[in-house]
Amino acid sequence: MRTVLVRGRRKLRLRLGNLFITRLPIFVRKTYALFGLEAAIFRKKRVKPPTEPKITGEVEAKIIALSCSEPPVGRARWALRMLADKAVELGYIESISHESVNHVPKKTN
Numbered sequence: 021m022r023t024v025l026v027r028g029r030r031k032l033r034l035r036l037g038n039l040f041i042t043r044l045p046i047f048v049r050k051t052y053a054l055f056g057l058e059a060a061i062f063r064k065k066r067v068k069p070p071t072e073p074k075i076t077g078e079v080e081a082k083i084i085a086l087s088c089s090e091p092p093v094g095r096a097r098w099a100l101r102m103l104a105d106k107a108v109e110l111g112y113i114e115s116i117s118h119e120s121v122n123h124v125p126k127k128t129n
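If you want my numbering, it's the position in the sequence shown, counting the first as 1, plus 20.
Treat the hints as calculated values from the structure; they're not laboratory data. Watch out, some of these pointers could steer you wrong.
Stated by the list, open to error - Computed list of lysine-lysine pairs in DSBU-like fashion (alpha-carbon distance at most 30 Å, straight line):
hint, residue 1, residue 2
1, Lys-106, Lys-74
2, Lys-64, Lys-50
3, Lys-68, Lys-82
4, Lys-74, Lys-64
5, Lys-82, Lys-106
6, Lys-50, Lys-65
7, Lys-74, Lys-50
Stated by the list, open to error - Per label pair, the in silico range of CB-to-CB distance:
hint, residue 1, residue 2, range
8, Cys-88, Pro-45, 52 to 60 Å
9, Glu-72, Arg-49, 33 to 41 Å
10, Pro-125, Leu-54, 39 to 47 Å
11, Glu-78, Ser-117, 12 to 20 Å
12, Pro-73, Ala-99, 20 to 28 Å
13, Arg-66, Ala-99, 32 to 40 Å
Glycine included, C-beta positions come from ideal geometry on N, C-alpha and C.
Let the sequences and hints guide you as you build the complete structure.
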């Protein structure tokens with residue numbers, strides 16, 4: 021049974037490979053004819069990201085300032101979840117995950 025499955029997968033891969041191999045030159049020729057050499061060789065660059073960034077520079081600055089401030093009573097330092105919750109509580113941003121707070125640039129001195 022295993023041999024049959026492996027052969028089936030191999031045939032599928034070969035068919036898909038042949039499909040892409042034969043279609044690629046046609047696509048490149050067509051793109052070259054319509055848009056020129058640059059378009060045929062290089063990918064088009066995005067003008068803007070697919071979605072606007074949720075965390076702006078202003079929000080980043082506020083979160084960094086918050087992380088440099090005194091942590092809550094009973095804590096030695098800020099946790100990511102506490103920073104995210106406090107940023108929402110203070111109205112810096114509507115909602116933010118602790119993982120997004122982790123990507124905010126860190127203090128380097």
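Quick rundown of the hints versus the structure:
no. : hint                         : verdict
1   : Lys-106 x Lys-74             : holds (17 Å)
2   : Lys-64 x Lys-50              : holds (15 Å)
3   : Lys-68 x Lys-82              : holds (25 Å)
4   : Lys-74 x Lys-64              : holds (25 Å)
5   : Lys-82 x Lys-106             : holds (11 Å)
6   : Lys-50 x Lys-65              : holds (19 Å)
7   : Lys-74 x Lys-50              : violated (39 Å)
8   : Cys-88 x Pro-45: 52 to 60 Å  : holds (57 Å)
9   : Glu-72 x Arg-49: 33 to 41 Å  : holds (37 Å)
10  : Pro-125 x Leu-54: 39 to 47 Å : holds (43 Å)
11  : Glu-78 x Ser-117: 12 to 20 Å : holds (19 Å)
12  : Pro-73 x Ala-99: 20 to 28 Å  : holds (24 Å)
13  : Arg-66 x Ala-99: 32 to 40 Å  : holds (35 Å)
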